Amino acid sequence: MTRLRLAAALLAAGACVGGLGLNSLDSQEPEADGPLRFTERERSIIQTLSPLPPLPQQASNRWADDPAAARFGQRLFYDARLSREGDRSCASCHSPGLGWSDGLPRAEGRNGALIRNSPSLLHSGYQRWLFWDGRADSLWAQVQWPLEHPDEMGFARADLVRLLARDASLRRDYEELFGPLPEGAADAERFRPGGRPPLPRPSDPFNPAPSLEQLAETDPGHAAWLAMSEADRRAASEVLSRCAKAIEAFERRLVPGPSAFDRFVEGLREDDAQKQGALSRSAQRGLRIFVGKGNCVNCHFSPLLSGGEFHNIGLAVAAGEPFDAGRPDGINTVRVDPMNGRGEFSDAQEWASNVKLRYLRYDEHTFGAYKAPTLRNAAVSAPYMHDGRFATLEEVVRFYVELPGLPPVGHREETLLPVPLDEGEIQDLVAFLESLRGTPVDEQLRRPLEPTEDD
Amino acid sequence: MLLRTLLLICLAVPACGTADNSPPPIKLEYPAGGPPLNEHFSFYVLNVDKQDATLVDVDADMPAHKHGILTDPSIELQEDGRYRVDGMLLHMPGDWEIYLDLQYANGAVHRQTIPLILEH
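Respectively, the protein sequence lines represent chains A and B. For the first sequence, the positions run 1 to 455 when my numbering is used. For the second sequence, the positions run 1 to 120 when my numbering is used.
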């Protein structure tokens, strides 16, 4: 009797050890298909990742949450007349059907591929800084870049003024929101074709920014700007800033509904096994890696799965690719941007309350650093990274497993070490990243808004 | 769950509360709930004046990452002798060190290091 029991116990122990050898994670589990049992520490970290809170306040844009502004912004977003040849709109590179991106490694501009990947606009209302290098401090300050860059839409703020003046329906929407267009808005002698200032550019003794007069010699758009009166230039910039604020109001609505992961976390909080079933066991194992040995939460934390700040993860530059310093350029540029949160077009100019700009520090440690993107909905906006070098989430995960190559500038953050994962674990981590896909945004936002009937 | 309840940290050269006549140790007073993760915050530095010193700089680092903070905090001496530090931003969870540079009457600057573990 006693001997038998002992033998049974030994057998059980043997089985257990065998199980551990095969898959140490599963050995802790009560049953094969129930939820994984997470440790207290894992649970407490996981709960900080969901649910998504309401959007942050946007003090520099008085219209940020105005529904009429969002509708006007939506019209502008899809309107190809906001480009020099009338052939592209914001939606060309941020297409709702392609995860509000373009499916390309690097965006296709007017003169060939740009140097960076088009980020998805989902959750962009949550970002502290915009662009991979954070050179814009708000969604509205961001708009001037694609709109007026000769490689992107090649448009100009003076043309924007005249477009609004001649399109009765756009004009009505604009004036209902912001008051009358500037006097002479339709006059090409005042709002000169192509008229736009140079894009924000820092200047220092070693690398001085050219003056407007110098630029005007080679760029007809800058020459047109130079020929405009001071007052008309200011008026054109104000019109641009307001249209941009309407576009921001639209972009703030691009927030998907809850993901399978969010339902899972709800289940974890409520101890509801059924809700936890929203995540496959593989994705749950991936989650455990994400908050545990993968160390992914060091940078991809909070409900956005990103702190929205900048890190050098050491992506080596491929031969022949242009040099790209990343964050330091962004810091220097956002400071001198006339459309930044303390500029004359901001609705909250007080220096004291703008902690983001006021305390921003230039730091050479940020060479080679790029913004950590949100991982929510990353599953629908391949390819990945600032230069779109990885085609799939699996390739991204394999990068973190091996950390090949060296960064071209700066140094990789020292705690970022290769994450030893076997093939099954790689698939688990990918399954977790896939589970961060939320329900699509409102169908109404996914297409151009038709002008209302009375137009 | 979150270990954010530490309101006062004693940075004791002599242990807190000893009865000799050495000056009281420097203390940091964080906002209620402790230093937040990845949000700008302000805090106070106490007892610097009692050491015949001036607080001249505040910085922070994650020694394991070999990188520091992304902001330049400002320092302001209050009427009650405390220093108010604004614009601190600890942008990642993990092990941080807060540095206080104190300048003494003879001009020498000494750095006091205060460790801080920031949870999720």
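Derived by calculation from the structure, the hints in this document are not laboratory data. Since this is a predicted model, take the numbers as computed values, not measurements. Glycine included, each C-beta is placed from N, C-alpha and C at the ideal position. Just to be clear, a hint being listed does not mean it is correct.
[Stated by the list, open to error] Residues of chain A placed beyond 10 Å of chain B at every Cβ, according to the derived structure:
no., residue
1, I115
2, R233
3, G292
4, G307
5, G308
6, R342
7, G343
8, H386
9, F399
[As the list claims (entries may be wrong)] Label pairs and their computed distance ranges (CB to CB):
no., chain 1, residue 1, chain 2, residue 2, range
10, B, S74, A, Q57, 21 to 27 Å
11, B, S74, A, H411, 24 to 30 Å
12, B, D101, A, L199, 34 to 40 Å
13, A, R335, B, D49, 56 to 62 Å
14, A, S211, B, P36, 39 to 45 Å
15, B, D49, A, E183, 57 to 63 Å
16, A, D65, B, P36, 21 to 27 Å
17, B, S74, A, E108, 40 to 46 Å
18, A, E189, B, P36, 50 to 56 Å
19, A, P53, B, P115, 41 to 47 Å
20, A, R269, B, G107, 52 to 58 Å
21, A, A59, B, G107, 51 to 57 Å
Going down the list of hints, with the structure as the test:
{"no.": "1", "hint": "I115", "verdict": "holds (23 Å)"}
{"no.": "2", "hint": "R233", "verdict": "holds (33 Å)"}
{"no.": "3", "hint": "G292", "verdict": "holds (12 Å)"}
{"no.": "4", "hint": "G307", "verdict": "violated (5 Å)"}
{"no.": "5", "hint": "G308", "verdict": "violated (8 Å)"}
{"no.": "6", "hint": "R342", "verdict": "holds (15 Å)"}
{"no.": "7", "hint": "G343", "verdict": "holds (20 Å)"}
{"no.": "8", "hint": "H386", "verdict": "holds (18 Å)"}
{"no.": "9", "hint": "F399", "verdict": "holds (19 Å)"}
{"no.": "10", "hint": "B/S74 to A/Q57: 21 to 27 Å", "verdict": "holds (23 Å)"}
{"no.": "11", "hint": "B/S74 to A/H411: 24 to 30 Å", "verdict": "holds (28 Å)"}
{"no.": "12", "hint": "B/D101 to A/L199: 34 to 40 Å", "verdict": "holds (39 Å)"}
{"no.": "13", "hint": "A/R335 to B/D49: 56 to 62 Å", "verdict": "violated (34 Å)"}
{"no.": "14", "hint": "A/S211 to B/P36: 39 to 45 Å", "verdict": "holds (44 Å)"}
{"no.": "15", "hint": "B/D49 to A/E183: 57 to 63 Å", "verdict": "holds (60 Å)"}
{"no.": "16", "hint": "A/D65 to B/P36: 21 to 27 Å", "verdict": "holds (24 Å)"}
{"no.": "17", "hint": "B/S74 to A/E108: 40 to 46 Å", "verdict": "holds (44 Å)"}
{"no.": "18", "hint": "A/E189 to B/P36: 50 to 56 Å", "verdict": "holds (54 Å)"}
{"no.": "19", "hint": "A/P53 to B/P115: 41 to 47 Å", "verdict": "violated (30 Å)"}
{"no.": "20", "hint": "A/R269 to B/G107: 52 to 58 Å", "verdict": "holds (56 Å)"}
{"no.": "21", "hint": "A/A59 to B/G107: 51 to 57 Å", "verdict": "violated (43 Å)"}
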